[in-house]
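Add chains B, C, D, E and F to chain A, keeping to what the hints say.
Now for the letters of each chain:
6 protein chains.
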Amino acid sequence: MFAVEVRDHMMIAHSLPRPVFGPAQAMHGATFVVDAAFMTEDLDEDGLGVDIGLATTVLAETVKPLNYQNLDELEDFRGRVTTTEVLAKHIFDELRRRIKQGGLGFGGARIKRLRITLHESHVARAWYESEV
Amino acid sequence: MFAVEVRDHMMIAHSLPRPVFGPAQAMHGATFVVDAAFMTEDLDEDGLGVDIGLATTVLAETVKPLNYQNLDELEDFRGRVTTTEVLAKHIFDELRRRIKQGGLGFGGARIKRLRITLHESHVARAWYESEV
Amino acid sequence: MFAVEVRDHMMIAHSLPRPVFGPAQAMHGATFVVDAAFMTEDLDEDGLGVDIGLATTVLAETVKPLNYQNLDELEDFRGRVTTTEVLAKHIFDELRRRIKQGGLGFGGARIKRLRITLHESHVARAWYESEV
Amino acid sequence: MFAVEVRDHMMIAHSLPRPVFGPAQAMHGATFVVDAAFMTEDLDEDGLGVDIGLATTVLAETVKPLNYQNLDELEDFRGRVTTTEVLAKHIFDELRRRIKQGGLGFGGARIKRLRITLHESHVARAWYESEV
Amino acid sequence: MFAVEVRDHMMIAHSLPRPVFGPAQAMHGATFVVDAAFMTEDLDEDGLGVDIGLATTVLAETVKPLNYQNLDELEDFRGRVTTTEVLAKHIFDELRRRIKQGGLGFGGARIKRLRITLHESHVARAWYESEV
Amino acid sequence: MFAVEVRDHMMIAHSLPRPVFGPAQAMHGATFVVDAAFMTEDLDEDGLGVDIGLATTVLAETVKPLNYQNLDELEDFRGRVTTTEVLAKHIFDELRRRIKQGGLGFGGARIKRLRITLHESHVARAWYESEV
Chain A
1 MFAVEVRDHM MIAHSLPRPV FGPAQAMHGA TFVVDAAFMT EDLDEDGLGV
51 DIGLATTVLA ETVKPLNYQN LDELEDFRGR VTTTEVLAKH IFDELRRRIK
101 QGGLGFGGAR IKRLRITLHE SHVARAWYES EV
Chain B
1 MFAVEVRDHM MIAHSLPRPV FGPAQAMHGA TFVVDAAFMT EDLDEDGLGV
51 DIGLATTVLA ETVKPLNYQN LDELEDFRGR VTTTEVLAKH IFDELRRRIK
101 QGGLGFGGAR IKRLRITLHE SHVARAWYES EV
Chain C
1 MFAVEVRDHM MIAHSLPRPV FGPAQAMHGA TFVVDAAFMT EDLDEDGLGV
51 DIGLATTVLA ETVKPLNYQN LDELEDFRGR VTTTEVLAKH IFDELRRRIK
101 QGGLGFGGAR IKRLRITLHE SHVARAWYES EV
Chain D
1 MFAVEVRDHM MIAHSLPRPV FGPAQAMHGA TFVVDAAFMT EDLDEDGLGV
51 DIGLATTVLA ETVKPLNYQN LDELEDFRGR VTTTEVLAKH IFDELRRRIK
101 QGGLGFGGAR IKRLRITLHE SHVARAWYES EV
Chain E
1 MFAVEVRDHM MIAHSLPRPV FGPAQAMHGA TFVVDAAFMT EDLDEDGLGV
51 DIGLATTVLA ETVKPLNYQN LDELEDFRGR VTTTEVLAKH IFDELRRRIK
101 QGGLGFGGAR IKRLRITLHE SHVARAWYES EV
Chain F
1 MFAVEVRDHM MIAHSLPRPV FGPAQAMHGA TFVVDAAFMT EDLDEDGLGV
51 DIGLATTVLA ETVKPLNYQN LDELEDFRGR VTTTEVLAKH IFDELRRRIK
101 QGGLGFGGAR IKRLRITLHE SHVARAWYES EV
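Protein chains in written order, with this note's numbering: chain A, 1 to 132; chain B, 1 to 132; chain C, 1 to 132; chain D, 1 to 132; chain E, 1 to 132; chain F, 1 to 132.
Okay, chain A solo, but in the shape it has when bound:
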């Protein structure tokens, strides 16, 4: 299996209003450094798993609607708890949607798996990985 992984980041505010979150129930925030790994079984005739320029652009477009936002106020997350895991899955879903819509060109069809990793600090991160 081949993989190409690119990195971006977003800076968001949110609250996690459930007792299990203790002090994180209050409004706080995070920088999420976001890695997107695009996995393919083979390479195209240009030696590419995925066009890294397009991959970077699609990741940036996916992250942009969340960057500099208070997630508590976004329609997408109404009634949901925006843990790192939930956000990884959300970015996975949005990125897959963009791939299906042609955001990575013909090469997008070659992608078998996708992994989205969100680094929330130097000591914690979460990811979601699945077939697309």
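There may be inaccurate statements among the hints.
Pairs involving identical chains hold if they fit within one copy or between any two copies, as the list cannot separate such chains.
[Said to hold, decoys possible] BS3-like mimics (lysine-lysine), calculated; alpha carbons at most 30 Å apart, straight line: (1) Lys64 with Lys112; (2) Lys100 with Lys64; (3) Lys100 with Lys89; (4) Lys112 with Lys89.
If you are wondering where the hints come from, they were derived from the structure by calculation, not from laboratory data.
Same frame as chain A, but now just chains B, C, D, E and F:
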């Protein structure tokens, strides 16, 4: 598959008294930066794969009996060679035991796989990953 | 000059309500990984610039009142813009105050300079350094 | 599954003469930080997945013929586009060949999978992973 | 002293045609991860040492003419050896020129010192720091 | 001021037998990732602050007598407490001695300052910097 990964570290002395280890046969030591990745197929109703606070606590409790120790003197390693691989497996086993005993609360039952990574320097690391 | 540097982090929400900040005028947030470097001209009789255990504790105590907070609501920052630079200076001032109050024991008197670095992402950071 | 991963690097020039590469069609270059992960199902009687000293040596030997080279002039890559993915696969193939030839001693027979990761910058990397 | 530091990168080919460089005399290349630290004695009324958005833009503009280039063919480096140190100084000079021309707005006048760091691998880097 | 910085590492055992060290009074160990920064005011006619190949070799030679050692048994540290700070100063002194003896060739005379940084974990490091 979802994963939550947290980081801790330990500073230990040991010797590796077999010819294959060359200069590492003598008493020396290492800082092991330890990553524990908890993998689940789904999230609970709070949007959690595992409670990151509990995960951090359980990892700390698992690492603590080894930290600041001379591993050559620990009962757990009598007659064993404490390579990075062996230590990764040891921490895996101890962490799994704590999960089975309820150290991660009800959420511990959701964990399917566990990966323990030990970084021994900026150029070498080892890990053990398995179903729990 | 000797230096000992320890690391902690905090996850905060804030807004930067001035036109120069563009999209960051809205409520958003950040993880700040915080490094505190304690600089001394010499070492004590135990070979220490500063007791690294105390240094870690004092940094944790300094960061704690900001962690999981919405900085817009804290009295300390009323009427101020909480840029990364301002926060670095704030933590510098608080840490210096704790050192003066004896938080690092007798060793605190040996500290000549202090540098507080706040990493806000993998591509941006700020610091404040000065004599204490 | 156990894994041992070691790191080396190489500094190469190349061009990517296909329209899809835009400005990278011209002669340019890269530092590739190379990670090789050797995966085994069990450990030998010395507690080793693979001898980390031999692993480091074999990786160094594999990287050496590419280091400080203009890849456009190497026979190995005639008519091929030397993307990061292609180079990851090339190093995988060369490393596997050296393992089959005994470069890791008897322990080489225990290796089930191999993953070669090439980090091309702080925001992009690619890997190839397969059974050996 | 306050500092704001931002990061970019460039991927270049070059040769170092002097005997002291050994194998690096041949055409090869490098990824340089470039950090630019802007140092000021105080902050403006918005709490800024320098506008981080402008700083990122100016660094990107400074790096762009070198990115994806064979430095041996650039007029700027005719007759010069493009070591990491020389390139750090070159980027320093170009960045200073852009600051003097107003690339950082009014805030540019506040900058006292500038440090340019080029990371060429995980084990080597160089920097140039001076008053501006 | 120019600087060239190279990295190596060492894995040592030691005890810190003074009450202030708490659990670290017992025999334990550390991986120290060691950075050596060589600072010069100008570059030679080859564009070098210091020959990075020689710098890497001299650092390796300096670190080698400590690597895989129990520091408690080394003559150099008899009666001394081998804190990270003390070890940074020790490596500084040894490296300076080698420079004075010509280990960096003629270029060694150009070096004005030297900084030795020892990273002991992902959350702690110490350094010593001085004129040479």
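Here is how each hint holds up against the structure:
no. : hint              : result
1   : Lys64 with Lys112 : within (24 Å within a copy, 33 Å between copies)
2   : Lys100 with Lys64 : within (19 Å within a copy, 32 Å between copies)
3   : Lys100 with Lys89 : both (16 Å within a copy, 27 Å between copies)
4   : Lys112 with Lys89 : both (16 Å within a copy, 18 Å between copies)
Comparing the model with each earlier hint shows no violations; every hint is respected.
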